[in-house]
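Colleague: Heads up: the sequence shown begins at 3 in the numbering used here, then just goes up one per residue.
Since the hints were made in silico from the structure, they are not lab data. On a predicted model such as this, the values are computed, not experimentally measured, just so you know. A couple of the hints might just be wrong.
Stated by the list, open to error - Below are the BS3-like pairs computed for lysine-lysine, each with C-alpha atoms no more than 30 Å apart in a straight line: (1) Lys232 with Lys97; (2) Lys445 with Lys318; (3) Lys445 with Lys312; (4) Lys446 with Lys232; (5) Lys232 with Lys449; (6) Lys237 with Lys97; (7) Lys232 with Lys318; (8) Lys318 with Lys231; (9) Lys20 with Lys446; (10) Lys231 with Lys20; (11) Lys20 with Lys97; (12) Lys237 with Lys20; (13) Lys354 with Lys97; (14) Lys446 with Lys231; (15) Lys449 with Lys20; (16) Lys445 with Lys20.
Said to hold, decoys possible - What follows is a set of in silico ranges between Cβ atoms, one per label pair, in the way DEER data are often shown: (17) Thr368 with Ile411: 15 to 23 Å; (18) Val348 with Gly402: 17 to 25 Å; (19) Val126 with His414: 26 to 34 Å.
Backbone N, C-alpha and C define an ideal beta-carbon position, used for all residues, glycine too.
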Amino acid sequence: MRRRSYEIDMCSGPLFSKILLFSIPLMASSILQLLFNAADMVVVGRFAGSGALAAVGANAALINLLTNLFIGFSVGANVLVAKFYGARREEDMGKAVHSAIALSLACGVILMAFGMLAAPQLLVVMGTPRDVLSQATLYIRIYFAGMPVILLYNFGSSILRAVGDTQRPLYYLLAAGVINILLNLAFVVGFHMDVAGVALATVISQAVSAGLIFRCMMHMEGGCRVEPKKLRLEKGIVLQIVRIGIPAGLQGTVFSLSNVLIQSSVNSFGSVAMAGNTAASNIEGFIYMAMNAYHQTALSFSSQNLGAGKYRRIQKALAECLAMVAGVGLVMGWAAYLFGPQLLGVYSSNPKVVQVGLLRLSVICTTYCLCGIMDVLVGGLRGLGYAVMPMVVSLLGACGFRILWIFTIFRHHHSLLSLYVSYPVSWTLTAAVHLACYGAVMKKARKKQSL
3 MRRRSYEIDM CSGPLFSKIL LFSIPLMASS ILQLLFNAAD MVVVGRFAGS GALAAVGANA
63 ALINLLTNLF IGFSVGANVL VAKFYGARRE EDMGKAVHSA IALSLACGVI LMAFGMLAAP
123 QLLVVMGTPR DVLSQATLYI RIYFAGMPVI LLYNFGSSIL RAVGDTQRPL YYLLAAGVIN
183 ILLNLAFVVG FHMDVAGVAL ATVISQAVSA GLIFRCMMHM EGGCRVEPKK LRLEKGIVLQ
243 IVRIGIPAGL QGTVFSLSNV LIQSSVNSFG SVAMAGNTAA SNIEGFIYMA MNAYHQTALS
303 FSSQNLGAGK YRRIQKALAE CLAMVAGVGL VMGWAAYLFG PQLLGVYSSN PKVVQVGLLR
363 LSVICTTYCL CGIMDVLVGG LRGLGYAVMP MVVSLLGACG FRILWIFTIF RHHHSLLSLY
423 VSYPVSWTLT AAVHLACYGA VMKKARKKQS L
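All chains should be modelled from the sequences, with the hints used to inform the complete structure.
Modeller: Here you go:
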C-alpha cells in the first residue's frame with residue numbers, strides 16, 4: 003500500500019518527531035476550535051449581557067451529555083481504520099470508511115430529532131434559572147438542528163487522523179472558524195440576534211467544515227476515498243465500530259452526566275456563579291484540548307502498531323505521549339491560573355464573575371496535567387482494542403466518585419471550592435488504576451507474542 007504525502011507511517015522511523023508531526027496540527031486544530039468558541043462567548047457576553055452568556059454556558063454540559071455517546075462511535079472508526087491501515091488491508095479500510103460516514107449521518111439525524119424535542123425539558127430538570135431558560139432553549143434547538151453536519155465532521159476528521167493526516171482538518175477548521183467569527187459579529191452585533199445568532203453561526207460554520215472534509219475524502223486515493231454511492235452500513239464493520247465506540251461513548255456520556263450534576267450544583271449559586279463558571283470552563287477547554295491531542299496520538303499510534311504487531315513500539319509511543327502531556331498540562335495550566343484575572347476579564351467586566359472564575363482556575367488548572375495523564379492512558383488502552391476496561395475504570399474512578407462527592411462532601415460543605423476539589427482527586431485515583439490496567443494488558447500481550 004503506497005503511503006501518501008499527507009499520511010504518517012507510525013510503525014517505523016523515529017517516534018518523537020512523528021509524534022510531534024502528528025500532535026502539533028491536532029493541538030492547533032483543537033485550540034483554534036476553542037478560540038472560535040471563545041469568540042462566541044466573548045461576543046455574546048460583551049454585546050448581549052451576562053444573562054445571555056449564562057444561557058449559552060448552561061447548555062454546554064447538556065450538549066456534551068447527549069452527543070458524547072455518538073461521538074464515541076468516531077473513536078471506534080478511528081481504531082478500526084488505523085488498525086487496517088497498519089496491517090495494509092486497504093479493501094477492509096475502504097469498507098470501514100464508508101460504513102463510518104454512513105453511521106455519522108444516521109446518528110446525526112437521530113440526535114437532531116431527540117435533542118430538539120427533549121433538551122428543553124432536560125434544561126428544566128437541571129434547574130436552569132427562569133431568567134435564562136427561554137434563551138437557553140432557543141440556543142439548544144438551533145444547535146441540534148445542525149447535528150448531522152457536526153457528527154460528519156467529527157467522523158471525517160477521526161478517519162483522517164487514523165492514517166496520520168492532522169494537517170488538512172486544521173486548514174478546514176481555520177476556514178470555518180473565520181466564517182464563524184464573521185457570522186457572530188453580523189448576527190449578534192449587527193442584527194441583535196443574541197443567543198440565536200451565536201447558535202446559527204456555529205451551525206453554519208460546522209456545515210462548512212463538514213463539507214470541506216467530505217470533499218477532501220471524495221478526492222483521496224486508496225482506502226480512505228469516499229464514493230457517495232458506496233455509503234452503506236455494513237453489519238460486520240458497524241458491529242466492530244460499535245464494540246469500541248459504545249464503551250467510549252458511554253464513558254463520555256456518564257462523564258457528562260457527572261458534569262451536568264456539577265453544573266446543576268453551580269446553578270444553585272445563581273447566574274453570576276454560572277457566568278464565572280462558564281468563563282473559567284471555556285479557558286480550561288484550551289488546556290484540555292491541547293492535552294487531548296496526546297490522547298488522540300496514543301490512540302492512533304497504538305492502533306497502527308497493533309495492526310503491524312509492534313508491541314514494543316506501542317509502549318515507547320505511550321511513554322513519550324505521557325511525558326509530553328504532563329509538560330503541556332503543567333505549563334498551560336499554571337499560565338492560565340497566573341493570568342486568570344486578565345483572561346477572565348475578556349469574558350466579563352463584572353468583578354464577581356471574575357472572582358468565581360478565578361476560584362475554579364486555582365483548583366482545576368493547577369492540577370490539570372493529572373487529567374491529561376489519565377486520558378493518554380485511556381487512549382493507549384482503546385488503541386489496543388480494549389474499550390470496556392477503561393470505560394469501567396473511568397466510570398467508577400472519576401464519574402462515580404464525583405457523584406458520590408456531590409451527595410456527601412458537597413452536601414455538608416456547600417461551597418464552590420468543595421465542588422471543584424472533586425476533579426483533581428478523581429483524576430488521581432482513576433489515572434493510577436488505568437496505569438495498573440495498562441501494565442497488565444501489555445504483560446499479557448508480550449506473553450502472547452512470545453508463544
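Colleague: Evaluate each hint against the coordinates.
Modeller: Hint check results:
1. Lys232 with Lys97: Holds, at roughly 9 Å.
2. Lys445 with Lys318: Answer holds: Lys445 to Lys318 is near 14 Å, not above 30 Å.
3. Lys445 with Lys312: holds (14 Å)
4. Lys446 with Lys232: Between Lys446 and Lys232 the Cα gap is close to 39 Å, so the pair fails against 30 Å, i.e. violated.
5. Lys232 with Lys449: It is violated: about 41 Å lies between the C-alpha atoms, which goes past 30 Å.
6. Lys237 with Lys97: Holds, because 11 Å separates the two Cα atoms, which is no more than 30 Å.
7. Lys232 with Lys318: violated (38 Å)
8. Lys318 with Lys231: Distance of about 41 Å is beyond 30 Å: violated.
9. Lys20 with Lys446: OK: Lys20 and Lys446 at ~27 Å, within 30 Å.
10. Lys231 with Lys20: violated (35 Å)
11. Lys20 with Lys97: holds (27 Å)
12. Lys237 with Lys20: At roughly 34 Å apart (the allowed maximum being 30 Å), Lys20 and Lys237 break the hint.
13. Lys354 with Lys97: Violated: Lys354 and Lys97 sit about 54 Å apart, past 30 Å.
14. Lys446 with Lys231: violated (43 Å)
15. Lys449 with Lys20: Given that 30 Å is the threshold and the Cα spacing comes to 28 Å, the pair holds.
16. Lys445 with Lys20: holds (26 Å)
17. Thr368 with Ile411: 15 to 23 Å: holds (20 Å)
18. Val348 with Gly402: 17 to 25 Å: For Val348 and Gly402 the Cβ distance comes to about 36 Å; the hint is violated.
19. Val126 with His414: 26 to 34 Å: holds (27 Å)
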